[in-house]
Amino acid sequence: MHSHFLRCSIPYVLGLLVCVAVGGKALAQTTTGEIRGVVTDASSGEPLVGAQVSIADSKLGTTTNINGEYTLRRLAPGEYTLIAKYVGFKSLSRKVTVVAGESVKQDFAIAPTAVTADELIVTGQGVATEKRKMVTAVEAINSDRIANSTAKSLDQLLQGNVPGLTAYLPSGMPGTGARIQTRGIKSVLGATNPVIYVDGVRMDNGDNFALASGRGGQVSSALADLLVGDNIERVEVIKGGAATTLYGSDGANGVIQIFTKKGSAGEAKWNVGLITGADNPETRWTFSDYVRNNFYQTGLFQQYKGGVTGGSEALSYNLNGQIRDSRGIMTGDRLIDRAYNVSAGLRAIASEKADIEVSANFTRTQFGSWFINNAGGSALNTIETEAAFEESVLRQRGFDVSTPQRLATVRDSLYRQYLVLESNEQVTRPYITLNFNYAPTKSFNNKFIVGVDYRKNEARDFVPINSGEAFNANGALTRTDREFTQITLQYTGSLKLPDLGVMSNQLIFGFQGFRQETREFFGSGSNFALPGTRDFDNASVITAGEFNFQNFTGGFYLSDQIGISDRLFIDAGVRLDGSTAFGKDVSYLVYPKIGVAYNISEEEFYPESLRPIISSVKLRAAYGVAGEFPTRLGQTAFLRDRAYGAQPFNAESGITFNIPGNTNLTAAVTGSLDIGTDISLFQDRVSVEFNYYSQVTTGSFFSVPEDPASGFVTQQRNVGRLDNNGIELSILANVIQSPTFDLSLRGSVTTLSNKVADLGGSSPFTVGGFAYAPTRVELNQPVGAIRVNVPRPDADGVWRGGFDQVIAGNPTPSTYGSFGFDMTLFKDLTISAMGEFSLGHQLLNQWRARRQVNVAGTGTLVNGVPSGRRYSEPGNGETIYLVYQDIARDMIRNPITNNLLYVRDPASTSLLTNADWVKIREITVRYRVPRSLFSNLLGGITLSATVRNPIVLFSPTEIDSESQFIREGRALNVGGIAGGTVSAARQFRFGIDINL
Amino acid sequence: MQTAMVFTENHQRNVKEKVEMPSKFLKNVLLGTLCVFTLLLTTVLQGCRGLLDPTPVQNDQVTDDNLRANAQGGARPLLTGLRLTFSRATGSLLTVTELVSDNYTNVTSFVSQLLDTPRDITGTDLTLSLNSGIYVRTQELHALADFGLQTILPNDPTTTNLQRAETWFYKGFALLLLSENFSRFPIADKGQPISAAAARDTAISAFNTALALAGTNPPTDPLYGNVRSNCLLALARAYRLQGNKTLAAQFAEQALAFNPSYVFFARYDPQNLNSEISQHVRIRTDNNFQPLPRLDFLDPKLVSVPGSDPISMLKTEEAHLVLAEIALSNNDLATAKTRMGQAVTLARSRPTVQFTDVAPNENRPSYPIGASAAAASVRVRASPTAPEDTGLIRRRGVGSSAFTLPTVSGTSRTVAGINALPNDRRVLARELYLLRQEIFFLEGRRMSDLGIRLPVVERQTQGNPNMPFGSEGTLVSVPEWIPTGIAAMNQFTIAGSVITIQFDMNQVIADNIARVSPFSGW
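If you read the sequences in order, they're chains A and B.
Numbered per our numbering, the first sequence spans residues 1 to 996.
Numbered per our numbering, the second sequence spans residues 997 to 1518.
To be clear, the hints were calculated from the coordinates, so they are not data collected in a lab.
Where a beta carbon is used, it is the ideal one built from N, C-alpha and C, also for glycine.
Among the hints, erroneous ones may be present.
[Unchecked claim] Computed list of chain A residues with no C-beta within reach of chain B, every gap over 10 angstroms:
hint, residue
1, Asn65
2, Lys105
3, Tyr296
4, Asn466
5, Leu507
6, Glu652
7, Ile731
8, Gly940
[As the list claims (entries may be wrong)] A few chain B residues facing chain A, derived, Cβ under 7 angstroms:
hint, residue
9, Pro1050
10, Thr1051
11, Pro1073
12, Leu1080
13, Gln1135
14, Ala1139
15, Pro1182
16, Asp1185
17, Asn1268
18, Asp1353
19, Gln1456
[As the list claims (entries may be wrong)] The calculated SDA-like cross-link candidates involving lysine to any residue, where the alpha carbons are at most 25 angstroms apart (straight line), are:
hint, chain 1, residue 1, chain 2, residue 2
20, B, Lys1186, A, Gly760
21, B, Lys1186, A, Lys447
22, A, Lys755, B, Pro1050
23, B, Lys1186, A, Gly761
24, B, Lys1186, A, Leu745
25, A, Lys447, B, Thr1205
26, B, Lys1186, A, Arg642
My request is simple: use the sequences and hints to build the entire structure.
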């Protein structure tokens, strides 16, 4: 078996090596000429650094240097078409004739534009396609915006930069990844995160691993260690729908593709960066001053990075490394966040027909974690909702709190007991991608991709013995390991058929296969007798568990792109997808798609008088089908088979019912209709993108409750229909363009209407929440609609505990978007800001529910002073509420005991909160130091100052409504419930970037 | 260069490249690489078994296939599964039924407050409809027993009759619990609902089957009891519900003859059964269950922290009480008194512990009285017209000392007291049900004795089209003799050191005995 593998792979590996080695010599060296020139900004005359100049239909190209100069050497004599490109500018092409032994000059002056029609998009089409030909909307984030952003990881980079996509952070703890959603919730199964590729290789995008249990809902995420930095060339985002047909299953949530830099020909350019700053906690929602002053700290931040890029005509490279460390926003540096990262991108041109791109990345992160919400031993919980540090409660317990000093001493000594918890995580994540492009003829292009993503996450929570009253005195240790491996194998081919008159035709076909393996081990030990231990060996009670999951998904696709007169484009395709997600037998599904794009402004009949105002209009419409297999569900991947569980009981193992099984289970299928237009106004100064989208998911997965008489609880079924529709509108405007001052504004708004359109014969049921306020699947309501109990008084008008159940809340925002501006003064100073908003949704304030529970405590007289939480005279006397008086005021008297009635359950409507929020995400100032100041010794210096999460403009007062982190088990987080957590910190960053 | 020219002619017109082509060797290497890559792909695509097939995946769950393939020894995990499911079922039984009855009031806790007012209980009740609630757990027990009887046991060649007997016993007991607490329900997945009486009769035949299989003298398991005793007591209980005096008496006598002081416990595993709602009864931390003051001396019965005491589910006191009830229904007052006296004697002989209740978290109106040194002198009247009883309130709270607490059975009555009662059938009926209330305290019996039947949970009405909401069994059934008003059965007033309970439910039962007792002849 081994020898067979070796025999197969040796020629392949050898072949690649030979290609690389020989490639450099592939071009003749004697009778050649060269082209050189300068690329400048047509409006200002300034040279453009890093502009791309390439030869059409060839792999050859280069980028401009610090002076805007480029050189293309060793070209055989002949005529070439050169294209100059730069982000934010209109591409320009020129024909150049090369003469042997001579150097031809060709300069380019390119004009800025807000329109990106010439941009090449890879995602959704399989091969690079001009944006003007795309039949669906696609968003791209370019390296400029990436370089200017302080975002640590991909999910934070997406915030506010992709119209129509939301990436909300459930908490500010390190290791947390955002919940990424596009166009609503299509199924209640698994996460809404889109599929993520790096250089064509699929990445781990999961979160909510087993580590969350016992921590009150704090989860770590694979998104948090998908670091972004100087190694990223661009990010393309497709929000689901027709374009994701080529990505098959799981494409319904959208696709994000990251492309890394591979360098370009030129002398080696070194760059070094140093960033320092501080993380300041956001405490506007903190209830208790003691927590505000003692739980939080402002932590220092430092980051060091460096890189080099360059290359020859045959081989170019881009190497980056960075180290970053934040001390975190919790006292004692308990929430540190540290990352080490090295990445390399290489491109070897074997010939003008073939090239190989390799990217490799290694990330190691180490971060601290903490118990939040209502986890046992959570200081937040005890102090913020149990009134444990209130003076009256401490007095009831017998502590001397007669003076402020005594009160502080008692509180400090109790608080210290909560700090003994050690909670740490570490992630090791290497990935490697290999792209081999081979174009034997100009019209036939092949791309082979192979790659691996490996992620190992280790977490450890430890409570030493004798920790005081906060934790179990006997100590506890929990460890979890999660190992994730994903192998991608992909082939894409494109064949440009000969033109038939005005009709051009391109066939795209390919194959993708992914194999995913996940292994999680968790173990816990409790009852340690001796101090100083950190191993399970020394525990008296050891429990362990494991979870294994393997899945293979593969598919073929075929797509035809027809262009008529290079103005009207029709795109039709089909994908055949299979997966082992349900069991050993691979189930197959067919996903078709069709779309049309019409650049109507390029037609002759387009009125010229309109052109100065509306410079170009593209209309587009597309329909496609994508599916979803249950690949990310927590425990139960094999859902067709009936399965039993084993439960320990008194030292024996007993059989219990687990999964009823459903042989009819199949993928959930989403059909998307996208209709939209891309318009550019005022001579490409303003670009407007408008979409209407309608996504209908049929057979979406729900955990449908079973008949109790069967002994089972729930079973995954394909039930009913979910509708998501709305509009997306985004505008980018270069408002002012002058040599000294540039201002561009951007904004986007998306509306979403999410509805369970059909229950498919199943009764409405609960998907999350609590017994007193569940989130429900109900007909004609949004997924996860919140059902609350509204008090109903008796006939005499007195309320005695009766209530009506009412659907009253929508957890998904109905309107959301982003806004921002970029301002450049004197070409050297840039100021930008960006913010996001989310409106039209509600949530349950579970934190308040905890206070409602805990206002109902006991009270006694201590030295004649009422102490405790609630004090009443014996024999039906009046009740005095000693803590949380504003909540107590809402309570109702219990007519039996003349005390307050437990109101959380019958009046859970009091927990429904308007969740609308508006936040400024980032304000940045960048200054490019004029080169005259350091007399050209260095390539360039840029100074930057950034604040991330500076201001919350609008938000509920009691709780951070962006968090909404509480989930049901390990399934989808529908949102709609927020508890006590640590919000995202205000991050100050000051940096220097030096190009050597 | 010939090869090169051929190559260039195929290029498009505007790029006349005369670049020197790579040598033939390199071209072949490239083509070879392409071939190898295609080979790799095709083997993957064809799913060719062996090295390059990416599709094999493994289901780590226990499936039907696994059970069939490894059937030997399957009886043992089945029994363990039945025992643990039984413990779960009984745990939730306690929390709900004790609150619904007059035994306990829910003062302020996470458990549904509507349980104190039975007529307000619906299938969507927060505590009732939990997946760990009584209805779901009892159905689970029954389904597991059926699964064992139909699938596991027949395939396991090492199964013994004793194991079969125990499985039948649990099947019967699940049906018995369902029939005592619910009025109509299905007992098969999507099956037709049957009446409680029909379920009870099925339970009886299950017990009889178990009895036959267990043999005349089966061994006693130190934790899980003796199957024969269990069946005998269960049959006495079930035949009582059927109103069958002959058979109820017969099995009661047999149970006493076989083992006169037997108790069958539902065991608890603190490590593995700690997410059940029975915690609220077992672990008295943040919840507040107020017992009826007249029963204060029996509270809390399950004393250990973190709550690993077993619950007695069947005991021979019941045999005495069944025989007493039969005698009473036959107007044989002397035998009734004797039998009740025997029940009292047995109850008083059961284990006790010395218990100190100093936790200040108990929020009960009687607590202020109970907290004082004068607790011993507090008197309780069972109703506004009843005489004052002493010795029923125990001193609790800071400064209190240990008192004797029964953990299996306890009663305030004495043999002499019973013998001194007038020969009035109604008075004796009250006494009988008072004894049942005290002896079966915190065992989930009182609600059924009162005649209240719970509705099935929301998931049952939604999961089975044969049982739509509104049909019989889906609504709570509260007899007319249960007083109306919020938590009426739990109402009491305190004046000085006298606690007066508003309704003496045992008297109410005695006044309606012909409709409450399953036996005829009243």
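These are the hints, each one checked on the structure:
| no. | hint | in the structure |
| --- | --- | --- |
| 1 | Asn65 | holds (25 angstroms) |
| 2 | Lys105 | holds (21 angstroms) |
| 3 | Tyr296 | holds (28 angstroms) |
| 4 | Asn466 | holds (19 angstroms) |
| 5 | Leu507 | holds (18 angstroms) |
| 6 | Glu652 | violated (4 angstroms) |
| 7 | Ile731 | holds (38 angstroms) |
| 8 | Gly940 | holds (36 angstroms) |
| 9 | Pro1050 | holds (4 angstroms) |
| 10 | Thr1051 | holds (5 angstroms) |
| 11 | Pro1073 | holds (4 angstroms) |
| 12 | Leu1080 | holds (4 angstroms) |
| 13 | Gln1135 | holds (4 angstroms) |
| 14 | Ala1139 | holds (3 angstroms) |
| 15 | Pro1182 | holds (5 angstroms) |
| 16 | Asp1185 | holds (4 angstroms) |
| 17 | Asn1268 | holds (5 angstroms) |
| 18 | Asp1353 | violated (14 angstroms) |
| 19 | Gln1456 | holds (5 angstroms) |
| 20 | B:Lys1186 - A:Gly760 | holds (18 angstroms) |
| 21 | B:Lys1186 - A:Lys447 | violated (54 angstroms) |
| 22 | A:Lys755 - B:Pro1050 | violated (38 angstroms) |
| 23 | B:Lys1186 - A:Gly761 | holds (15 angstroms) |
| 24 | B:Lys1186 - A:Leu745 | violated (61 angstroms) |
| 25 | A:Lys447 - B:Thr1205 | violated (71 angstroms) |
| 26 | B:Lys1186 - A:Arg642 | holds (17 angstroms) |
When each numbered hint is compared with the structure, violations occur for hints 6, 18, 21, 22, 24, 25.
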